[in-house]
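Visitor: Read off the chains here:
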Amino acid sequence: MFQTRIHGRGGQGVVTAAELLSVAAFIEGRHAQAFPSFGSERTGAPVVSYCRIDDKEVRTREPILEPDALIIQDPTLFNSLDVFQGLKSDGYVLVNSNKNLEELGVADAVKEIPDKHAYCVPATEIAMKHMGRPMPNAVLLGGFAAMSGQLAFKSVEKAIQSKFSGKIGDGNIAAALAAFDIIKKITTTEKKE
Amino acid sequence: MNKLDNKQRVKFYQKGTFTVGNRLVDKKARSVQASMERSNAITSGHRACQGCGEALGARYAMDTVMRVTNGKAIACNATGCLEVFTTPYPETSWQLPWIHSLFGNTPAVATGIAAALRVKGKKDVRVIAQGGDGGTTDIGFGCLSGMFERNDDVLYICYDNEAYMNTGVQRSSATPPTARTATTMPLGDAPGNVFGTGKSMPLIAMAHNIPYVATASVSNLHDLETKVEKAMTYRGARYIHIYVPCPLGWGHASDITIQLARLVVDCALFPLFEAEHGVVTGSIPIRKRVPVEEYLRPQRRFAHLFKKGAIDTPRIAKIQKMADANIKRFNLLRKEVEAFDGVTGLSLKDSKYT
Amino acid sequence: MFEQIEGSNAVAKCIALSRPEVICAYPISPQTHIVEGCGKLVKSGKLKNCEFINVESEFGALSVAIGSSATGARTYTATASQGLLFMAEAVYNASGLGLPIVMTIGNRAIGAPINIWNDHTDSMSMRDAGWLQLFAETNQEAADLHIQAFKIAERLSMPVMVCMDGFILTHAYDRVDIPSQEKVDAFLPPFKPRQILDPANPYSIGAMVGPEAFLEVRYLAHEKQQRALKIIPEIAKEFKGVFGRDSGGLTRNYKLEDAETIVVTLGSVAGTIKDVVDRMREKGKKIGVLSICSFRPFPKLEIRKALENSKRVIVLEKSLAVGFGGVVANNVMMSMQGTGVHVYTVVAGLGGRPITQPSLEKMLQVAENDKLDDLTFLDLEREVVERELKRERASEKSGPIAENILRDIAGLDEAKR
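In order, the protein sequence lines correspond to chains A, B and C.
For our numbering, count along the first sequence from 1 and bump the result up by 280.
For our numbering, count along the second sequence from 1 and bump the result up by 153.
For our numbering, count along the third sequence from 1 and bump the result up by 1363.
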């Protein structure tokens, strides 16, 4: 089972991100479960969402306490919560930022995990470029695919298409591909299509 | 008309009256009650009190509905006198399909019935919801407003005897000022129900802009029947508020039910009017006005206003003022001598359906 | 066909496949997505021959359902928590009138204090109202149970509540097999009630039944639920025949055969417990879990048979009878009378408190060592309650507990002195 925890703020598409991850896994014929930390609808409040991917039925329903991967859509959260709590020693971290982890002051938090497991990607800027909206969630999924090797980019693309049609879908996919490529250049664990 | 094996035949106890079989009245203008073919939707054997205004009003209304719809109607009822005295299990007085669910949900149940009929394509079957004042203006208020707001195809009839009668005469939001009830006793500085409370359900219905709202009294049979019949020509939410005296709750003689129902209209405490989409379209002028005292005196619930040697002039005056306000609002003392519909009492000038 | 879909959406689709004729509901978290899903299907024309009514309250919702069902239309509604209580009068009315309404409960806690997260207090509050209560363990089962519910309800002429954990199931995306219309039609025939409100055959329903007949009417309702104990598994079997999978039934037994410790529970937490059970089995512990699907009628005999050879039973429930203890545990204990098996109560997950595998394992370890209290509140913050109890002992105060804790922390009342 591969467990991903996504942190962000209300309005950044954190819940949709987890859903899209699960749809991408489904497209590859795998079992997936995605759910948010629930609360009243409120823009700007910290939100967490979860996605479990497995090759058999996912039965457990608890929040993800020991994530294999963390996606952090909003680095300002570093000041408010310990987003890294429970991160597995061989886990992955992907942060939406145009700074690097040291500049963000969290290099310590990721020093245990292996090389080429932690990345910063300027997802908001990429999103603005390709979609004209500062919505980083799909972008980061492209980065996640490259980083973790859990999903082929094609699956991420199909998942985005299933939710967003037309120009919006195209924009999201282009942005996701941009992030995918950035990380692909650095990592060697890209999954074969 | 109905498939029940009705062993009871319609009986007339009074003949040659305005109500029944008056051969001077044109056949077309005769009341539903005058016909041997009336459905008798609430058949005899029910357990209502002697002189019950509600039993009368309900029969008048339902027989009209049955004639207009050719017997294709379904009724639902709130908890209350009407429900209790017509269905002493295992017997029932109702000659049409009928359901009683709860006290406060009758308008919603009616909505559900109407929805089911729509989905089944039974366009010709109509829905009537019935409740007393308590079930309508108090506990059923929310559901009623919802039904109005959705403009569901339901005719809601409120039988107003101005208190929770079935449970022992407790005050409702339809109880008039100074009236004695078990929870508004004639004691202290403000005896009986206090002034400055209460709500007018007909006006509230009008505020929802529904197709048709009307008030009626059991003293004017033709008017009541005409209004019910007219209501049934509309689709959408409709409301009729019928004034029904209660001998037991009001403390009046059981043989003056209809007389009281006439006095309340003639003293202007209960104006007879119609409204469509929030606008008053007509009212019945008072032919011979009477002071409110004449209406109040025969009822023991107002007895404390008429104590020997200590008549409560100020309060009676206040009630009179309410009546005066109705006169003004609904133009009930129209002096114009003009043609009016002899049956309905509506001026032909005002009438929209000559 | 398999879809990766939100639980609520899966339920909405399966409701639609069941050919409902009237849907009426009032929004309340966490059921909103189900009703919105149904509304969309009606408005778009995908769900034909269905009236969708926007009602003014939950009381209105179930009342509309009563009128509609009595007129012969297959009727559906949904609610949760406060909404279920708001329609409480109508809940009893619907079962008393024998109307086969199907209602989803998106299980949620009841206030005060107001809480929108999952627990089973709402369903439990209506457990004696005469409705059948079926609990879904997964979103697949939630979707399947609705289809089965219409059949069960209409065969028995009794309303059915399908209970699914609010947010945990309703708002989770899962892999769900949405059946085809043909298969559902093959399984679920059109609604043909014995009596309906119909001018062609008028009759009166809802009369006042006095002391001379009321007891018999109630007894017959009780008998009906006893019959349901046979009908529910029958229909689950018919379901398997058409759709090819196990869904519903009275209970789901997991690794019980030689179990010494058995956890009894309802709803989605069973899945979490199964993972713990597998891990403990690897370590050699003889442990299993029994997940109750039909809570009403309560399958006393089945549960007794499944549990009587164990050493200990732990009822893990998301409900609390304030002033008494467990609700489900109470029902289980009654079924276990005379067996000599000790039944422990573990109240967990109230108000949406996550039930985690580490906590479960710890609790089960204590149980295995026979050191578990009769009544345990899983993951209770001992320090917080001890501090508050100490403050309360110093001076009794009136008012709501949650707000009083804050007053104490802020030292408001000391400051006044």
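Since the hints were made in silico from the structure, they are not lab data.
Note that the structure is a prediction, hence the values are computed from the model and not measured.
Glycine included, each C-beta is placed from N, C-alpha and C at the ideal position.
Hints are supplied without guarantee of correctness; some may be wrong.
Partial chain B-side listing against chain C, Cβ under 8 angstroms, derived [unchecked claim]:
| # | residue |
| --- | --- |
| 1 | 224 |
| 2 | 249 |
| 3 | 253 |
Visitor: Determine for every hint whether it applies to the structure shown.
Guide: Here is what the structure says about each hint:
no.	hint	result
1	224	holds (6 angstroms)
2	249	holds (5 angstroms)
3	253	holds (3 angstroms)
Hint violations for this structure: none, all hints satisfied.
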